[in-house]
Each structure stands twice: as C-alpha cells, then as structure tokens.
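So for the sequence shown, the working numbering puts the first residue at 1; every next one is plus one.
Incorrect hints may have been included.
Derived DEER-like restraints, expressed as beta-carbon distance ranges [what the hints assert, rightly or not]:
| no. | residue 1 | residue 2 | range |
| --- | --- | --- | --- |
| 1 | ASP169 | ASN228 | 37 to 45 angstroms |
| 2 | MET97 | LEU60 | 37 to 45 angstroms |
| 3 | SER65 | GLU141 | 49 to 57 angstroms |
| 4 | TYR38 | LYS227 | 34 to 42 angstroms |
| 5 | ALA10 | ARG58 | 15 to 23 angstroms |
| 6 | ALA199 | LEU114 | 13 to 21 angstroms |
| 7 | ARG267 | ARG58 | 54 to 62 angstroms |
| 8 | GLU308 | ALA272 | 40 to 48 angstroms |
| 9 | THR258 | VAL105 | 47 to 55 angstroms |
Lysine-lysine pairs mimicking DSSO-like chemistry, simulated, CA-CA at most 27 angstroms apart [stated by the list, open to error]:
| no. | residue 1 | residue 2 |
| --- | --- | --- |
| 10 | LYS54 | LYS66 |
| 11 | LYS182 | LYS274 |
| 12 | LYS172 | LYS157 |
| 13 | LYS26 | LYS106 |
| 14 | LYS40 | LYS18 |
| 15 | LYS227 | LYS194 |
| 16 | LYS274 | LYS259 |
| 17 | LYS40 | LYS66 |
| 18 | LYS40 | LYS194 |
| 19 | LYS172 | LYS40 |
| 20 | LYS26 | LYS40 |
| 21 | LYS66 | LYS18 |
| 22 | LYS138 | LYS182 |
| 23 | LYS26 | LYS59 |
| 24 | LYS127 | LYS182 |
Treat the hints as calculated values from the structure; they're not laboratory data. Even glycine gets a Cβ: it sits at the ideal position worked out from N, Cα and C.
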Amino acid sequence: MSFGLTNALAYFMNLMNKVFMEYLDKFVVVFIDDILIYSKTEEEHEHLRLVLQKLRERKLYAKLSKCEFWIDQVAFLGHIVLKGGIIVDPSKVSSVMDWKVPEVVKDVRGFLGLAGYYRRFIESFSKIARPLTSLLEKGAEFIWTKERQASFDELKKKLTTAPVLTLRDPTKSFTVYCDASKEGLGCALMQEGKVIAYASRQLRKHEIKVGKAPHFCEDERCTIWYKNRICVPGVDSIRKLILSEAHDTTYSIHPGSTKMYYDLKERFWWYAMKMAVAEYVVVCDTCRRVKAEYQRLAGSQFTSRFWEQLHDSLDKLRFSTTYHPQTDGQTERTN
1 MSFGLTNALA YFMNLMNKVF MEYLDKFVVV FIDDILIYSK TEEEHEHLRL VLQKLRERKL
61 YAKLSKCEFW IDQVAFLGHI VLKGGIIVDP SKVSSVMDWK VPEVVKDVRG FLGLAGYYRR
121 FIESFSKIAR PLTSLLEKGA EFIWTKERQA SFDELKKKLT TAPVLTLRDP TKSFTVYCDA
181 SKEGLGCALM QEGKVIAYAS RQLRKHEIKV GKAPHFCEDE RCTIWYKNRI CVPGVDSIRK
241 LILSEAHDTT YSIHPGSTKM YYDLKERFWW YAMKMAVAEY VVVCDTCRRV KAEYQRLAGS
301 QFTSRFWEQL HDSLDKLRFS TTYHPQTDGQ TERTN
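Work out the full structure, taking the sequences as your base and the hints as a guide.
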C-alpha cells in the first residue's frame with residue numbers, strides 16, 4: 001500500500017477491485033488488504049490457487065504469518081464466519097458489558113457507533129436506541145433519564161447475546177417479516193425459519209405526520225409478512241383465488257362481506273382488501289338467489305300490534321306475500 005497519500009486507502013481498494021474483478025462475489029471478498037476466499041467443498045477450493053496466481057501476476061505479496069488456510073471458520077471485519085452462519089466476534093464486544101455510562105454526547109455517539117455496526121444482529125434496533133439517538137439531535141439537552149439507562153442496558157445485553165445469522169441461499173425463497181409504528185420501521189429477512197438479517201430505522205418527523213401506503217418488494221421471489229399476516233401481491237389471479245376459497249367453497253358457506261373480511265384479515269393483507277371483499281360478495285349469484293328467502297318480511301301489517309290483535313279477534317288469518325299465488329288459492333280461482 002502506498003503511504004503518504006491522503007487517499008491511500010481508497011486508491012488501494014480500487015486497485016484490489018480491479019485485480020480480482022472477475023472473482024468478486026463468486027468466491028472472493030476483498031476489503032482493502034483483507035482477502036477472504038471461500039468454497040463450498042474442498043474440491044472447489046482450487047479457488048485459492050487462482051487468487052495466489054493473480055497476486056503473483058500483479059507482484060502483490062501476502063505475509064505468510066498473517067495468512068490462514070483450509071479453516072472452517074474465520075474472523076473477518078468484526079464477525080466470525082462459520083459453516084452454518086455468521087456471529088459477532090466475541091473479542092470485539094467483550095468489553096461492552098464494562099462500558100461506562102455516557103456522560104457527554106461524544107460518549108453516546110461512540111457507543112451507538114459500535115452498536116450500529118452490529119445492528120443487523122439486533123431485532124428492533126432503532127426502537128431500542130431511540131432514547132439515546134434523541135441526544136444527538138441539534139440543540140438537545142443532555143439529561144440521562146431512566147428510559148435512556150434502560151435503552152443503554154438493553155443494547156449492551158443484545159450485543160453480548162447476539163444470535164447466529166444464517167447465510168442466504170439465492171436458490172431458495174425468502175420470507176420478510178415487517179412492521180411499522182410511529183417509533184420506526186423494522187423487518188427481518190428469513191429463510192426456512194432462520195434469520196438472515198434484521199433491519200430497522202427511525203421515522204423522520206415529516207414521515208410521522210404524513211401517512212403513506214406501504215410499498216413492498218413484490219417483484220422479489222419471497223414471502224412477505226405484514227403484522228403477522230401474509231402480504232398478498234397485486235396479482236388479480238392470486239387475490240381472486242383467495243376470495244373464492246374464503247367464500248365459494250363448501251366449508252365457507254358463503255359468508256357475508258363483514259364476516260368474510262374479518263376471517264381473511266387474520267391471515268392475509270393487501271391494500272383495500274375490505275373493498276375487494278365487499279365487491280366480490282355483492283356480485284355473488286348464489287348469495288343473491290338464496291339469501292332473499294331468509295330476509296324478514298317488510299310492512300306494518302306483519303309487525304304492528306294493532307294488526308296482530310285484529311287478526312286474533314277475527315280468526316286465524318293466513319298471511320301471504322305479494323306475487324305468491326300458491327298461498328291464495330281461493331282468490332286465484334275466483335279470478
């Protein structure tokens with residue numbers, strides 16, 4: 001690496017990217033002078049020979065005492081990369097539990113800098129850190145409250161007990177769990193029930209005031225969960241299939257729009273779902289034919305107390321509805 005240049009790191013990083021351009025994200029990861037070579041099997045680890053050959057061609061040298069070969073786990077950029085996933089490097093966070101309570105804004109910024117680097121391991125990081133990040137706002141008065149102490153302790157605990165994150169497999173489908181509140185946005189990327197990464201951020205002031213319909217990555221091959229419900233993409237055929245299953249099948253027995261909506265609401269979500277349910281039910285031919293038989297009869301002659309008493313005094317009177325000649329045979333014969 002060239003020394004004395006103000007942009008030495010950027011220059012060297014650019015050089016390494018050019019040298020390993022054809023191998024990057026295939027079996028090589030490079031960060032400045034750290035080179036990580038990975039393979040699925042021992043037979044595929046011929047990748048090591050290709051990388052060393054590139055270094056020889058460009059007259060770049062690696063110090064043998066700083067190299068490790070044929071290992072199942074490796075420390076890389078503050079993480080431990082394992083065969084089954086990735087964890088926080090214990091040596092980097094071992095001193096977190098002894099971190100003193102911040103006394104000035106600079107101390108808070110330093111702690112959040114460390115915690116933020118590992119935020120992908122911490123569920124709802126932005127929500128937990130919100131009391132501390134409020135101290136970094138312009139003109140904020142530094143007052144250490146019980147709420148901020150609880151936030152500080154919770155982040156330390158989360159850092160030292162961070163879970164193992166699984167490595168993503170692009171050949172398998174993904175599941176995204178997402179949620180939102182006035183405190184922030186959060187989601188978890190998962191695959192086969194295992195967490196790949198957590199992500200969260202706080203809402204800006206103008207975002208809190210202005211409501212906005214959610215936008216999802218519907219073009220990606222994944223399952224999205226929104227408030228413990230499956231987010232149904234904007235594909236008419238899929239939505240019509242769900243509505244049909246919830247209304248037309250034998251076990252669903254053609255519920256009304258309200259009941260059908262609340263049943264679907266427990267498992268599915270899409271924008272304007274209530275309107276879609278109402279529009280589907282109102283055009284159902286079966287509902288329009290059958291449910292008319294069970295409607296209450298209209299008219300005061302059927303409900304008025306006066307008419308009930310009059311009919312009792314006159315004798316038994318058989319009521320008949322309009323346009324129903326089967327119940328009024330005497331009149332029909334006369335006509």
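Checked hints:
no. : hint                                : verdict
1   : ASP169 / ASN228: 37 to 45 angstroms : violated, 25 angstroms
2   : MET97 / LEU60: 37 to 45 angstroms   : holds, 40 angstroms
3   : SER65 / GLU141: 49 to 57 angstroms  : holds, 51 angstroms
4   : TYR38 / LYS227: 34 to 42 angstroms  : holds, 37 angstroms
5   : ALA10 / ARG58: 15 to 23 angstroms   : holds, 18 angstroms
6   : ALA199 / LEU114: 13 to 21 angstroms : holds, 18 angstroms
7   : ARG267 / ARG58: 54 to 62 angstroms  : holds, 57 angstroms
8   : GLU308 / ALA272: 40 to 48 angstroms : holds, 47 angstroms
9   : THR258 / VAL105: 47 to 55 angstroms : holds, 53 angstroms
10  : LYS54 / LYS66                       : holds, 18 angstroms
11  : LYS182 / LYS274                     : holds, 24 angstroms
12  : LYS172 / LYS157                     : violated, 32 angstroms
13  : LYS26 / LYS106                      : violated, 40 angstroms
14  : LYS40 / LYS18                       : holds, 25 angstroms
15  : LYS227 / LYS194                     : holds, 18 angstroms
16  : LYS274 / LYS259                     : holds, 11 angstroms
17  : LYS40 / LYS66                       : holds, 23 angstroms
18  : LYS40 / LYS194                      : holds, 20 angstroms
19  : LYS172 / LYS40                      : holds, 16 angstroms
20  : LYS26 / LYS40                       : holds, 11 angstroms
21  : LYS66 / LYS18                       : holds, 23 angstroms
22  : LYS138 / LYS182                     : holds, 21 angstroms
23  : LYS26 / LYS59                       : holds, 23 angstroms
24  : LYS127 / LYS182                     : holds, 10 angstroms
When each numbered hint is compared with the structure, violations occur for hints 1, 12, 13.
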